[in-house]
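Number of protein chains: 2
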Amino acid sequence: MVFTDIATRTYNHNWRLDPIVRSLLDTDFYKLLMLQMIWRLYPDVEVTFQIINRSRSVRLADSIDEGELRAQLNHARSLCFAKKELIWLAGNSFYGKTQMFSPDFIAWLADFRLPDYELSRADGEYQLRFTGPWTHATMWEIPALTIINELRSRAAMKDRGRFALDVLYARAKAKLWEKVERLSRLPDLVISDFGTRRRHGFLWQRWCVEALKEGLGHRFIGSSNVLLAMDADLEAIGTNAHELPMVLGALADSDEALAATPYRVLQDWRALYGGNLLVVLPDAFGTAAFLRDAPDWVADWTGFRPDSMPPIEGGEQIIRWWRDKGRDPRTKLLIFSDGMDVDAIEQTYRHFEGQVRMSFGWGTNLTNDFRQCAPFPGDGLDPISLVCKVVEANGRPAVKLSDNPEKATGNVAEIARYLRVFGDTGRKQAPVTV
Amino acid sequence: MVFTDIATRTYNHNWRLDPIVRSLLDTDFYKLLMLQMIWRLYPDVEVTFQIINRSRSVRLADSIDEGELRAQLNHARSLCFAKKELIWLAGNSFYGKTQMFSPDFIAWLADFRLPDYELSRADGEYQLRFTGPWTHATMWEIPALTIINELRSRAAMKDRGRFALDVLYARAKAKLWEKVERLSRLPDLVISDFGTRRRHGFLWQRWCVEALKEGLGHRFIGSSNVLLAMDADLEAIGTNAHELPMVLGALADSDEALAATPYRVLQDWRALYGGNLLVVLPDAFGTAAFLRDAPDWVADWTGFRPDSMPPIEGGEQIIRWWRDKGRDPRTKLLIFSDGMDVDAIEQTYRHFEGQVRMSFGWGTNLTNDFRQCAPFPGDGLDPISLVCKVVEANGRPAVKLSDNPEKATGNVAEIARYLRVFGDTGRKQAPVTV
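Top to bottom, those sequences are chains A and B.
Residue numbers are given in the working numbering: position 154 of the first sequence equals residue 154, and the series is strictly consecutive.
Residue numbers are given in the working numbering: position 366 of the second sequence equals residue 366, and the series is strictly consecutive.
Among the clues, some could well be false.
Any copy will do: because identical chains look the same in the list, a pair fits if it lies in one copy or spans two.
[Claimed, not checked] Computed list of lysine to aspartate or glutamate pairs in EDC-like fashion (alpha-carbon distance at most 16 angstroms, straight line):
hint, residue 1, residue 2
1, LYS389, GLU235
2, LYS428, GLU392
3, LYS83, GLU235
4, LYS83, ASP231
5, LYS84, ASP233
6, LYS175, ASP343
7, LYS84, ASP231
8, LYS158, ASP18
9, LYS84, ASP324
10, LYS175, ASP382
11, LYS173, ASP5
12, LYS175, ASP123
Derived from the structure by calculation, the hints contain no laboratory data.
Sequences and hints are given; from them, build the entire structure.
Structure representation (C-alpha cells):
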C-alpha cells in the first residue's frame, strides 16, 4: 500500500520558506567565545563584514535567486536565542569549564538579533555586506555563509528527479563512510567537525556528525556547530579567528602598535579564557613574522592552529620554534584545520605521531564533498572558497596577509604597509580550493 | 513514484525494542519537586510502590505480553539523566523561580537510576512492585504507568491495517480539535496538560500538547511532562501528590501524630517551596476532616487542588472554608484536575467565574480519548483507571482514604484505624472511570 501523510504533504507544498538557519546557535562555537570578548572589551567598535568569493570561476548570482537569498537572510534576522538555548549556554561546561559565558553576557544575548544587511548585484556576483557594532556584525559570518552555500546546493539539485537525488546521497554517504573507516584505523586520532560554514546543507552536516559519532567513537571529540553540539550532547569545539587581529590591526594607530597587535590579541584572550582555549592562530600577518617577534610567554600557551601553510611544513616550523624556546613539543598541541581531508590527515598524523599532541578540525571535505557523487552533470555541488571577512573597523581598512597570498584580503595600499611592518618571510603562493 | 527509505525501513523491522520511555525527564514535574523534598528530608525511608488497576473488568495480562513488559521496564532502568537535561533543570526557571533545584540535588540526580522491580502474574493480572529507598522507588510511578498504558494501546492496535490506523488517528485528532475549539471560547481559561500517566502513547501526548499550544495560545500554560516542557519551551506544571501524606501517615507512631500528618506535610513543603507551589492537596484522608482540623495558616496558602470530589461541590466547600477563615477567595487559586473533560471544564469555569482564580489540569481525557474513534471493534483503546501507589513505608502499611471510597487504598484494618482518626464526614461513593 502506498501511504501518504496528506497533511504533511500539503503543508510542505505550501511552505513560504524552508529556512536554512533555524537557530542562532547554528553557528561556530568560536563566534560565541569571540563575541563575549568583543562585548566585554570592544563594545564600541563599528565594523563591516563582507562576503568574498575566492572561487572566481563561479558567479553566485547566476545560480542563486536574489529573492530567495533575501528571504533567507530576513528569516535569520527574525531569530533570537531560545530560552532553552541560553540555559544550555549558561549551564553547560565547555572545555571542562563551567560558566564559560558570564551571566551578564547571557542576559545580553537574550535580546540579540542579527543587524541589517546590504545586498546588491553586479556582473553575476552578489555584494553582501554587514555593517554595525562589532558585537552584531560578527554574528553574520556563519549564517551568511551557510545560507549562500545551501542556496547554491539547492539550486544545483532543483528539478532533479527523486531517484537521482537518492543516488546522489547514497554515493555521498558511501564516500563519507569510507573516509570514516580509514580514519578509524588511526588509534589516537583526535578529530572534530569544523564543517558548518561550507556545508552542503544543515541536514547533511547533521548526518555527517552522526556518522562520525557512530564510526569514530572516542576519536570524535565534538563539533564546532553549537546547535549540533547541544542537540547531540557533544563537546562544542573552537577557539578564535583572524577577525581579532584584523580588527585590532585596523584600529592600531601606528606601525609600532600594528606590529604589537598579534600579541595584544593573545593578552585580551588570556584575560577571559585559559587551558585548551589558549591556542594561537599565528598566520594573520604571516607565521614567520609572528614567531620571530613573539614574546617568550607565547610559548607557554597550550598550542597553535596553523591555518594557511601545508600542515607538515607549518607544524614543523612551530615545533622548531617551541624547541628554540626550550619547550617540549610533546606537551603541546597543534590543531590542523585548513582544507584537511583523509589523505592529509593520515600523512600529518603519521608524520607528527609521538612528537606533539594533535587535533584535527575537519571542514569542507567532511560536510561538502559531493565530488563524483551526482548522477547528473554540472559543478554546482562542488564546494567553493567562500569567506565572510571583516573589511573595515571604525572606518579603517582591515587586512589579512596570511601565509598564502591567495588568502590575503584588504586593499592594495594597506597590504603594502602591513608587508613593510611584518615582512614577507615564509609567505608562499598556493592554490586555494576550499 | 513510490519512494521507500530502505535503510530506515530495514532498521525499523529489525528493532529489538521501540522504547516507550526514552528519558527520565519523561515524567511529571511534581515527581521532581517531591523528589527533592524526599531527598533532603527523608533520605532513609524505604517504601514500596505498587501498580493498582482499578478497572476490574480489564485484565492486563490478557493483552500485555510479559516479555515486552519486562523489556520496557528494563529499558527504563538503563536510562540516566542526560547532561543537557540536568543543565536545563539547573538553569531553567520554574514557577518564576530560578534554581528551583539546588546544585547538590542536581549533582545527585546525575547518578540516578531506577531501582529494580518485582513482576509476577496471577489470574490474568500483573503484580508489579517497586521497593527501595523512597528517593528511588517514587520515580517509578510515571514510567511504570506510561509503559503499561502504551503497551495496552499497542496491543489493541496490533495487526490492524495501516488504513484503519490512519482513520483512527484522524478521528482522534478531529475529536481533540473540537474540544480545543470549545475551550478557546473561554476567554480567561488557564489550562495545562496533566495527561502523561494515562496517555495513549508518547507521540500522541506530544501531538496533543502541540495542538493545545497552537489552538489555545496563552490559555495553555504548560505541561506536567518535564520532557515535553523542555523540548517545547513550555512551563513545567505540578506541585505534589498523595504519596507525601501517605508515607508520613504510615511513619506516624501514634494516632495523634497521624492526625497531624496532613499539616506536617505542608510544613515540610513550605520549607522548600513558595508562591504558586503552595497548593494544598486536601483529600488524602478526607477533605472535610482536613479543613475541620486545619490550622489558620493553611488558609494563607495560594490554593487547593480538590482531587476526588465533583469539582463544583469540592470547590464550593473550599471557598466556604476560606470565607470562614476571613480570606477573600478571589485572591485564591483552585486547581481542578480530577477526571476533567470539556463539559466539566466549561461548567466549572462558568460556575466559579469571578469568585476564585482557577486553573485546570487536563489529563486522561486529553491524552487518551479514543472513544468512538477506532474503525475496528474492541475496548482496548478505552482508558483504564490505573494508578501506582505507595503501599508501605519502612515496613508499615500506607493508606489513602480519599473523598471517594472507590479511590481508597490500603489494608482493611488500617483503613478502619484511619477512619477512626479522621472520621468519615463528607466521603461519598462515586464511580471512577479514569
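Each hint tested on the structure:
When the C-alpha separation of LYS389 and GLU235 is checked against a cutoff of 16 angstroms, the pair qualifies neither within a copy, at 26 angstroms, nor between copies, at 41 angstroms. In this homomeric assembly, LYS428 and GLU392 never come within 16 angstroms of each other (Cα to Cα): the closest approach is 25 angstroms inside a single copy and 79 angstroms across copies. Proximity of LYS83 and GLU235 under a CA criterion of 16 angstroms is satisfied inter-copy only: 11 angstroms between copies versus 20 angstroms inside one chain copy. In this assembly of identical chains, the alpha carbons of LYS83 and ASP231 lie at most 16 angstroms apart whether taken from the same copy (14 angstroms) or from different copies (11 angstroms).
Taking the shortest alpha-carbon separations for LYS84 and ASP233, both the intra-copy value of 14 angstroms and the inter-copy value of 7 angstroms come in at or below 16 angstroms. Proximity of LYS175 and ASP343 under a CA criterion of 16 angstroms is satisfied intra-copy only: 14 angstroms inside one chain copy versus 59 angstroms between copies. Within a single copy, LYS84 and ASP231 get their C-alpha atoms as close as 11 angstroms, and across copies as close as 8 angstroms, so both meet the 16 angstroms cut-off. For the homomeric pair LYS158 and ASP18, the shortest alpha-carbon distance inside one copy (14 angstroms) is at most 16 angstroms, but the shortest distance between copies (36 angstroms) is not.
In the homo-oligomer, the alpha carbons of LYS84 and ASP324 never lie at most 16 angstroms apart, since the shortest distance is 48 angstroms inside one protomer and 44 angstroms across protomers. In this assembly of identical chains, LYS175 and ASP382 lie within 16 angstroms of each other by CA distance solely inside one copy; the values are 15 angstroms within and 50 angstroms between copies. Only between protomers do LYS173 and ASP5 lie at most 16 angstroms apart by alpha-carbon distance; the minimum there is 14 angstroms, versus 27 angstroms within a single protomer. Taking the shortest alpha-carbon separations for LYS175 and ASP123, neither the intra-copy value of 36 angstroms nor the inter-copy value of 57 angstroms comes in at or below 16 angstroms.
Against the hints set out earlier in the document, violations occur for numbers 1, 2, 9 and 12.
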